[in-house]
Amino acid sequence: MLGKIDDYFRNQETALKMRSYRQEILASNIANADTPNYKARDFDFKAAYESARAGQQTATLATSNARHLQPSLTIDLFAPELKYRNERQPSIDGNTVEMDTEMKEFTDNAIRYQASVTFLQRRIESMKTALTGQ
Amino acid sequence: MSMFRVFDVAASGMRAQSARLNAVASNLANAESVTSSNGQPYRAKQVVFQAQPLTANNKQSVGVQVAGVIEDQAPPKLVFDPKSPFADANGYVAMPNVNVVDEMTNMISASRSYQTNIDVMNTAKTLLLRTLSLGQV
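Protein chains in written order, with numbering that gives the first Met the number 0: chain F, 0 to 133; chain A, 0 to 136.
Hints listed in this document are in silico derivations from the structure and should not be mistaken for laboratory results. Incorrect hints may have been included.
Within a straight-line C-alpha distance of at most 35 Å, the following computed DSBU-like cross-link-like pairs (lysine-lysine) qualify [said to hold, decoys possible]:
#: 1; chain 1: F; residue 1: K103; chain 2: A; residue 2: K124
#: 2; chain 1: A; residue 1: K76; chain 2: F; residue 2: K127
#: 3; chain 1: F; residue 1: K127; chain 2: F; residue 2: K38
#: 4; chain 1: F; residue 1: K3; chain 2: F; residue 2: K127
#: 5; chain 1: F; residue 1: K82; chain 2: F; residue 2: K103
#: 6; chain 1: A; residue 1: K124; chain 2: F; residue 2: K45
#: 7; chain 1: F; residue 1: K3; chain 2: F; residue 2: K16
#: 8; chain 1: F; residue 1: K38; chain 2: A; residue 2: K82
#: 9; chain 1: F; residue 1: K16; chain 2: F; residue 2: K38
#: 10; chain 1: A; residue 1: K44; chain 2: F; residue 2: K103
#: 11; chain 1: F; residue 1: K45; chain 2: F; residue 2: K127
#: 12; chain 1: F; residue 1: K82; chain 2: F; residue 2: K127
#: 13; chain 1: F; residue 1: K3; chain 2: F; residue 2: K45
#: 14; chain 1: F; residue 1: K45; chain 2: F; residue 2: K103
#: 15; chain 1: F; residue 1: K127; chain 2: F; residue 2: K16
#: 16; chain 1: F; residue 1: K82; chain 2: F; residue 2: K45
#: 17; chain 1: F; residue 1: K103; chain 2: F; residue 2: K38
#: 18; chain 1: F; residue 1: K3; chain 2: A; residue 2: K124
#: 19; chain 1: F; residue 1: K82; chain 2: F; residue 2: K16
#: 20; chain 1: A; residue 1: K82; chain 2: A; residue 2: K124
#: 21; chain 1: F; residue 1: K82; chain 2: A; residue 2: K124
#: 22; chain 1: F; residue 1: K82; chain 2: F; residue 2: K38
#: 23; chain 1: F; residue 1: K38; chain 2: A; residue 2: K44
#: 24; chain 1: A; residue 1: K44; chain 2: A; residue 2: K82
#: 25; chain 1: A; residue 1: K124; chain 2: F; residue 2: K16
Please build the complete structure, drawing on both the sequences and the hints.
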């Protein structure tokens, strides 16, 4: 029974964890908007969410020999690898933060976080309804 | 709860921007200071920012740190004023190398960045409050 409840909530829980992680990364980008040589970072939410849901690493390397090493599986699935954003307008101090992009992503992510919270809320409510039978 | 680290990141940004604002205020206030405690004309001060991971075991969330305050090495502005007691042999007085236009631009940039960090913090607060009220009817 508990495993089923876990399954029932896991989608939204995963989404919330990754949204809050992404919020943190985007906040870092915004805070460092004036830091010389800072490179804006982000991760691909869709790919990261899918691999976290499946509980496996996406980054398996193509090998041609059984003795070739694979990346270790110790990476936290909820803290996926960060990538660097391609800037549209290079700046002379080497900073690649573009405030409009970052604010757009930040707001977008915040709204989606709230949507996840709402979905989770509804799931809790319907589970309560089922448990009390009213 | 990594959302709490958003507060740390935004707060570090606000601290850094307020240090920059402080330097701007000092530069503007001393734009006409012919001499200072070391006998030389005042030199404009610039704050240098540095990105710094918040904790050693979590390298992802990066805050801002003030790496140092440097003095502008541009030569002082020379003003011809032979009557001044600070004039040199040719009658020129060395004035601070503060560029008022630069300083005003810096000020606007710093205050905008400060405001953006406050926005970030407010958003994180809203999200956290909604998360904390989960499961309550």
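Violations among the numbered hints, reported as their numbers in ascending order: Per hint list: 2, 3, 8, 12 and 20 violated.
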